[in-house]
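**Student:** The numbering used here puts the first residue of the sequence shown at 1, with every later residue one more than the last.
Everything labelled a hint here was simulated from the structure, so no lab data went into it. Treat the hints loosely; a few may be bogus.
Claimed, not checked - Cut-off 25 Å, straight-line C-alpha distance, at most; resulting in silico cross-link-like pairs (DSS-like, lysine-lysine): (1) K5 x K85; (2) K85 x K51; (3) K168 x K154; (4) K23 x K85; (5) K169 x K97; (6) K51 x K97; (7) K51 x K154.
Unchecked claim - Between beta-carbon pairs, the in silico distance windows are: (8) Q141 x E9: 35 to 43 Å; (9) N42 x E145: 28 to 36 Å; (10) V10 x G176: 31 to 39 Å; (11) N42 x E94: 20 to 28 Å; (12) E56 x L84: 20 to 28 Å; (13) G194 x E9: 37 to 45 Å; (14) P55 x R149: 19 to 27 Å.
We treat Cβ as the ideally placed atom computed from N, Cα and C, and that holds for glycine.
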Amino acid sequence: MLSMKGEIEVVGEAATGGEALEKVAQLRPHVVLMDVRLSDANGIDCTRQIKESMPEVAVILLTAYENRAYIAQAVRAGVSGYLLKDVSLELLLETVKAARSGGALFKGSLLRTALGSLSEARSRRGYESSTLVGIPTKREQEVLELLVRGFTNKEIGTQLHITELTVKKHMASIAGKLGARNRSEAAVRAIQEGLVPLN
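Using the sequences and the accompanying hints, generate a full structural model.
**Tutor:** Right, dumping it as structure tokens:
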């Protein structure tokens, strides 16, 4: 689908998790489309390994099922998107482009599923209702609202008339205050804590 459209260059393909990790390390692609279920590995575990060693590589997970546990694990692993395999070409392209630009894109229903699953996990572990370490400033709140809507750092900067570097500094501060490990988790935590409504 991506090759036929001509807007995106497909630089490699892999049949297994092990092969995927090797290819990513060798080719350093901007975006990886990763199946959740692989013959020799779990796609979420592979995603986690990719993000730990190459955080600049964006990963989009593809699956046949809208599984609550998978979505929550995917958010924790730092995915930039989570799509069902019956996705339209338009949404696939939109998600790849958003991921390439540093954004994160989840359909509203999938984000709600991730929220529900993460909240349940937090309750089972006896966490308090809030995990906030600090309160976002007014500017960080503005950044958060655009982050939840799927805007990239560059787009957030344009919207708020600040530099992309300033946006990155705000993101780092936001992640610290929300106890989040990545932007996807920051978006989910922001909604969980009632900082940004889920439209």
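**Student:** If a hint holds in the structure, say so; if it doesn't, say that too.
**Tutor:** Verification of the hints:
| no. | hint | result |
| --- | --- | --- |
| 1 | K5 x K85 | holds, 17 Å |
| 2 | K85 x K51 | holds, 22 Å |
| 3 | K168 x K154 | holds, 9 Å |
| 4 | K23 x K85 | holds, 22 Å |
| 5 | K169 x K97 | holds, 23 Å |
| 6 | K51 x K97 | holds, 18 Å |
| 7 | K51 x K154 | holds, 21 Å |
| 8 | Q141 x E9: 35 to 43 Å | holds, 38 Å |
| 9 | N42 x E145: 28 to 36 Å | holds, 33 Å |
| 10 | V10 x G176: 31 to 39 Å | holds, 37 Å |
| 11 | N42 x E94: 20 to 28 Å | holds, 26 Å |
| 12 | E56 x L84: 20 to 28 Å | holds, 26 Å |
| 13 | G194 x E9: 37 to 45 Å | holds, 42 Å |
| 14 | P55 x R149: 19 to 27 Å | holds, 22 Å |
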